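Participant: For chain A, the structure is supplied; the task is to place chain B on it using the hints.
Sequences listed follow chains A and B, in order.
Plus 157 on top of the position in the first sequence (first one is 1) and you've got the numbering used here.
Plus 1 on top of the position in the second sequence (first one is 1) and you've got the numbering used here.
Worth flagging that the hints you see were computed from the coordinates, not collected in a lab.
Please read all numbers here as calculations on a predicted model, not as lab measurements.
From the three backbone atoms N, C-alpha and C, an ideal C-beta is built for every residue, glycine too.
Keep in mind that a hint or two might mislead.
If you want a taste of the chain A side facing chain B, the calculated C-beta under 7 Å gives, among others [claimed, not checked]:
{"id": "1", "residue": "Arg179"}
{"id": "2", "residue": "Ser196"}
{"id": "3", "residue": "Gln199"}
{"id": "4", "residue": "Gly200"}
{"id": "5", "residue": "Leu201"}
{"id": "6", "residue": "Leu205"}
{"id": "7", "residue": "Tyr256"}
{"id": "8", "residue": "Phe260"}
{"id": "9", "residue": "Gly261"}
No farther apart than 30 Å at their CA atoms in a straight line, the calculated lysine-lysine pairs in the BS3-like style are these [what the hints assert, rightly or not]:
{"id": "10", "chain 1": "B", "residue 1": "Lys28", "chain 2": "A", "residue 2": "Lys225"}
{"id": "11", "chain 1": "B", "residue 1": "Lys45", "chain 2": "A", "residue 2": "Lys225"}
{"id": "12", "chain 1": "B", "residue 1": "Lys28", "chain 2": "A", "residue 2": "Lys218"}
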Amino acid sequence: AQSVTQPDIHITVSEGASLELRCNYSYGATPYLFWYVQSPGQGLQLLLKYFSGDTLVQGIKGFEAEFKRSQSSFNLRKPSVHWSDAAEYFCAAEGDSSYKLIFGSGTRLLVRP
Amino acid sequence: NAGVMQNPRHLVRRRGQEARLRCSPMKGHSHVYWYRQLPEEGLKFMVYLQKENIIDESGMPKERFSAEFPKEGPSILRIQQVVRGDSAAYFCASSPSWGMEGLGDEQYFGPGTRLTVT
Numbered sequence: 158a159q160s161v162t163q164p165d166i167h168i169t170v171s172e173g174a175s176l177e178l179r180c181n182y183s184y185g186a187t188p189y190l191f192w193y194v195q196s197p198g199q200g201l202q203l204l205l206k207y208f209s210g211d212t213l214v215q216g217i218k219g220f221e222a223e224f225k226r227s228q229s230s231f232n233l234r235k236p237s238v239h240w241s242d243a244a245e246y247f248c249a250a251e252g253d254s255s256y257k258l259i260f261g262s263g264t265r266l267l268v269r270p
Numbered sequence: 002n003a004g005v006m007q008n009p010r011h012l013v014r015r016r017g018q019e020a021r022l023r024c025s026p027m028k029g030h031s032h033v034y035w036y037r038q039l040p041e042e043g044l045k046f047m048v049y050l051q052k053e054n055i056i057d058e059s060g061m062p063k064e065r066f067s068a069e070f071p072k073e074g075p076s077i078l079r080i081q082q083v084v085r086g087d088s089a090a091y092f093c094a095s096s097p098s099w100g101m102e103g104l105g106d107e108q109y110f111g112p113g114t115r116l117t118v119t
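Same shape as in the complex, but just chain A (with noise of 0.2 Å):
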């Protein structure tokens, strides 16, 4: 069954260092893959997707994203964490019909001042 696994539950990086999160995806064929961001009270929202081409994706709020086929990942990246990042970020691909997002389990990021 497609599965997306974020290892990392909880992360904590100091404002302006760089951070990265973990994204594995479990599927046959290359699929379409989203980072989704949720601060305390709020919707889910869209940072950056995947569809094809070029492997490395920009997104909104200085964040990217890199496919790597070959170990099945898609982690997020930001070169310079400011406090405002604090929030969880899911990871999420598209199932077996398209509209039918599978979720990781989320990764909360807490940043010191």
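Facilitator: Just chain B now, with coordinates in the frame of chain A:
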């Protein structure tokens, strides 16, 4: 342009009561999706609806759960005779249309309804 609206944001029900969760999609969106997030888990797809039609309810429990998206008004997710295991966050998303070549249009998510069953 208001985003996806969900109400109530928090709902407390005793075991055996009914829970009704409402979702108003973004203006111009005719596709609605419901997801459930159990504690410490990711969101899980429940149902996909268009106006007056259930397109895919494969993720919805067969009993006690139902969903509708009437011609007028919000989409409703209804849970009858709630049990403690129904405690979760329920998210609604909407999209404007279904894309070509299997590419789904972006789903815009609401803030969720947190259901607590006591």
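Participant: At a threshold of 7 Å, is the proposed contact between arginine 179/A and chain B supported by beta-carbon distances?
Facilitator: Check failed: Cβ of arginine 179/A comes no nearer than 14 Å to chain B, outside 7 Å.
Participant: Does lysine 28/B pair with lysine 225/A here, judged by a C-alpha cut-off of 30 Å?
Facilitator: Answer violated: lysine 28/B to lysine 225/A is near 37 Å, above 30 Å.
Participant: For the pair we were handed, lysine 45/B and lysine 225/A, check the Cα-Cα distance against 30 Å.
Facilitator: holds (25 Å)
Participant: Let me know if the C-beta of tyrosine 256/A comes in closer than 7 Å to any C-beta of chain B, holds or violated.
Facilitator: holds (5 Å)
Participant: Tell me if the interface restraint on glutamine 199/A is satisfied: Cβ within less than 7 Å of some Cβ in chain B.
Facilitator: holds (6 Å)
Participant: Hint validation: glycine 261/A versus chain B, beta carbon distance must be below 7 Å. Holds or violated?
Facilitator: holds (5 Å)
Participant: With a cut-off of 7 Å, does the beta carbon of phenylalanine 260/A approach a beta carbon of chain B closely enough for the hint to hold?
Facilitator: This interface hint holds because 3 Å falls under the 7 Å limit.
Participant: Using Cβ atoms only, decide whether glycine 200/A comes closer than 7 Å to chain B, and label the hint accordingly.
Facilitator: holds (4 Å)
Participant: Using 7 Å as the Cβ threshold, decide whether leucine 201/A counts as touching chain B.
Facilitator: holds (4 Å)
Participant: Does the structure keep lysine 28/B and lysine 218/A at a Cα separation of 30 Å or less?
Facilitator: Within the cut-off at roughly 25 Å; holds.
Participant: Quick one, is the serine 196/A hint okay against chain B at 7 Å, beta carbons?
Facilitator: It is violated, given that the least Cβ distance between serine 196/A and chain B is near 10 Å, above 7 Å.
Participant: Against chain B, run the beta carbon of leucine 205/A and see if the smallest gap drops under 7 Å.
Facilitator: violated (11 Å)
Consistency note: the structure conflicts with the earlier hints numbered 1, 2, 6 and 10.
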